[in-house]
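So the sequence lines, in the order shown, correspond to chains V and U.
According to the working numbering, the first sequence is numbered sequentially starting from 1.
According to the working numbering, the second sequence is numbered sequentially starting from 1001.
Note that these hints are calculated values from the structure, not bench results.
A couple of the hints might just be wrong.
Unchecked claim - For lysine-lysine, the following DSS-like pairs were computed, each having C-alpha atoms within a straight-line distance of at most 30 angstroms: (1) Lys320/V with Lys1208/U; (2) Lys213/V with Lys1208/U; (3) Lys1208/U with Lys318/V.
Unchecked claim - Label-pair restraints from in silico Cβ distances: (4) Arg1195/U with Asn289/V: 47 to 57 angstroms; (5) Ser248/V with Leu1094/U: 27 to 37 angstroms; (6) Val1030/U with Ala91/V: 21 to 31 angstroms; (7) Phe315/V with Leu1102/U: 19 to 29 angstroms; (8) Arg1321/U with Arg188/V: 38 to 48 angstroms.
A quick note: this is a predicted structure, and the numbers were derived from the prediction, not measured.
A virtual CB, placed ideally from N, CA and C, is assigned to each residue, including glycine.
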Amino acid sequence: MSKTSKEMILLYVFIGLFVLMAAISPAKFLSLGNLQSMATQLPELGLIALGMMVVILTGGIDLSITYTAALSGIAGALVLSTGYNAGIEGAAVMILIIKALLATLITALLCGSLNGFLVSYVGVSPILVTLGTMTLFEGVSVWLTKGGAVSGFPEQFQWIGNGYLGFVPVPILIFIVFAIVTGILLERTAWGRSVYMFGCNPIATYFSGINTKKVVMFVYLYAAILAAVAAIIMISRYNSAKVDYGSSYLLQSVAIVVLGGTDIAGGYGKVIGTVVAVGIVQVLSSGLNLIGINRFIVDVTMGALLIAVLLLNYFIGKRKQEKGVRKEAKKTSIAA
Amino acid sequence: MMKQLTKSKELWIFIMLIVLSVLISVRSSVFLRPDNLIDLLKNNAVLGIMALGMTLVIITGGIDVSVGAVVALLTVLAGKFMVTFSGNLLLVFLVAIASGILIGIINGTLIALANIPAIVVTLGSMSIINGLMLYYTNGSWINDLPTWFIDFGKITFFKFTDASGNMVGIPIQIVIFLIMIFLTWALLKYTLIGRAVYAIGGNPVSAKRVGINIGRTLIFVYAYMGFLAGVAAVTHTSIMRQVDPNAFLGFELQVVAAVVVGGASITGGSGSVIGTVLGVLFMAVLNNGLILTHIPTFWQKIIVGLIIILAVSFDVIQRKRMEKSLPRVDVEY
Chain V
1 MSKTSKEMIL LYVFIGLFVL MAAISPAKFL SLGNLQSMAT QLPELGLIAL GMMVVILTGG
61 IDLSITYTAA LSGIAGALVL STGYNAGIEG AAVMILIIKA LLATLITALL CGSLNGFLVS
121 YVGVSPILVT LGTMTLFEGV SVWLTKGGAV SGFPEQFQWI GNGYLGFVPV PILIFIVFAI
181 VTGILLERTA WGRSVYMFGC NPIATYFSGI NTKKVVMFVY LYAAILAAVA AIIMISRYNS
241 AKVDYGSSYL LQSVAIVVLG GTDIAGGYGK VIGTVVAVGI VQVLSSGLNL IGINRFIVDV
301 TMGALLIAVL LLNYFIGKRK QEKGVRKEAK KTSIAA
Chain U
1001 MMKQLTKSKE LWIFIMLIVL SVLISVRSSV FLRPDNLIDL LKNNAVLGIM ALGMTLVIIT
1061 GGIDVSVGAV VALLTVLAGK FMVTFSGNLL LVFLVAIASG ILIGIINGTL IALANIPAIV
1121 VTLGSMSIIN GLMLYYTNGS WINDLPTWFI DFGKITFFKF TDASGNMVGI PIQIVIFLIM
1181 IFLTWALLKY TLIGRAVYAI GGNPVSAKRV GINIGRTLIF VYAYMGFLAG VAAVTHTSIM
1241 RQVDPNAFLG FELQVVAAVV VGGASITGGS GSVIGTVLGV LFMAVLNNGL ILTHIPTFWQ
1301 KIIVGLIIIL AVSFDVIQRK RMEKSLPRVD VEY
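Between the sequences and the hints, there should be enough to build the whole structure, so can you do that?
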């Protein structure tokens, strides 16, 4: 990574903010409790942002991702709450939890395949497809829950969202695993390379013999899988499932992906950028909260940060380009 | 001519609107009553006014997700202004519209000159505006608007008595909506900048070559969106007679949905005022019909979702079929 790459700038911002927050209120910010609560809150948004990133890499967007999470979480919650009664224990509880996890995953895959099918095989623009499916999934979620919350889960299930391994919260471990998996899939597999290629130039990718339809289909399925994982953590942490859990993550996740250096037009973006961007947002919101700054001002700071980082990227890009042009000019003058 | 008509998206939306209206009026006798139809139009005037501006934005190939936050902020500004200074109607409109245009110019400048995609800029400004507005109001409502403003909201034209003996008339909010429809239609159809809007969305490179100033046109489009947000904010306040800072949560996607149902292409270049008005009417009739026929509201979401999916898929399939019937010049993709 060069010193002025987007990801390095972000990393400096992250470290700077972390040190700043730690310097302002070391006792509170650096306490184990605060670090643990940050690590518990970050994964839901982080997983959704990773899913959104994979879609944005192809030049698309998934507006339905939070309702995919909500709907699949509700499906899992319904399996849990209908199957659970005080009598069952031990292995039966484990089987029930596995069933619920499967129900969540399958529902999410159904949602993802609907998006993927319409985008890749029918050829509708992603923003329209997912605007439609977003409304559809929200409607189905309300229909299933009648607008209320689904609750009554076995105690063992809560471990996923609230448990610890040693002193490390379980959700952050799940997030790390999926961040690494996403990184490997994108950087080390043929599918991952095709995703970047498709984002840069879909037609050239098609003519180089890649089944672009399959590639895009899998992108939406993978985003749905990540949404399902976020949903599992979410319903476990709240010990219930409801339509509007996570709905505020939609535009936030797009903002994080862009903040993380991913090109909204597709073709460029790194997992590490998105992960650092989620970290920045978490440090900023937890830190400002601890200092006692109004949470609405936190939103303002995030928006300003997003625009500032983009302006910075724009000016750095422009300067690099000008430098390049000047070098070219020198070369030609020598040749002449 | 007939063939051209059957191919137009507007006709299809119009047919869907008629079919929907017939279905509802069969199940509910209230639907076609003049007072219900007038209420329906009045309650969707704000959505309609915003959708007109979004049509222009979408024709240029952009999107503005900050509109919910902007219109919320403008209602708060207009409300605070009235409560603090009283003032008069003209000043209230001026405050809301000028602030709206200012925000639009800032959005447009960032999009046009710094070359940042519209969705990203407006995401940022949404977050900033929403945060500032909620910090300022702390989420509390503004009541006690001056009586002259409340009287303004009650103005009705062409009063008449309908069959069941109710006094009905056209409320001022519908008149404002109609004026904005006409203004936007004339702007797109008869002005140079209106043609430039289509040209940019259709093909930015050729638009630049024929001498269109892309930057200035984009700034104008977002400023016009801000102008309409100002008008919508005052209209909304005149209906509600109070200001709720949280009233427009998630409104931006409703506005986009109405424009898209109206047949505007999200990749830019096509879209029309008539289509958007039909799209708004469709959403309004659907919502109203479901309430009148006592169908649970989640069905509205499911139906709207399905209609968006079907409408856009149908559109793409039709276009593909048309392309196939054309003589092939380029390599097929």
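Status of the hints after comparison with the structure:
A hinted pair counts as satisfied when its Cα atoms are at most 30 angstroms apart, and Lys320/V with Lys1208/U qualifies at roughly 25 angstroms. The straight-line distance between the Cα atoms of Lys213/V and Lys1208/U is roughly 33 angstroms, outside the 30 angstroms bound, and the hint therefore fails. For the suggested pair Lys1208/U and Lys318/V, the alpha carbons sit about 21 angstroms apart, so the restraint of at most 30 angstroms is met. Judged by the Cβ atoms, the range 47 to 57 angstroms given for Arg1195/U and Asn289/V holds: they are separated by roughly 50 angstroms.
Checked against the given bound of 27 to 37 angstroms, the beta carbons of Ser248/V and Leu1094/U, roughly 34 angstroms apart, stay inside it. The hinted range of 21 to 31 angstroms is not satisfied by Val1030/U and Ala91/V, whose Cβ atoms lie roughly 58 angstroms apart. The beta-carbon spacing between Phe315/V and Leu1102/U, approximately 24 angstroms, falls within the hinted interval of 19 to 29 angstroms. Our hint of 38 to 48 angstroms for Arg1321/U and Arg188/V holds, since their Cβ atoms are close to 41 angstroms apart.
Of the numbered hints stated above, those contradicted by the structure are hints 2, 6, listed in ascending order.
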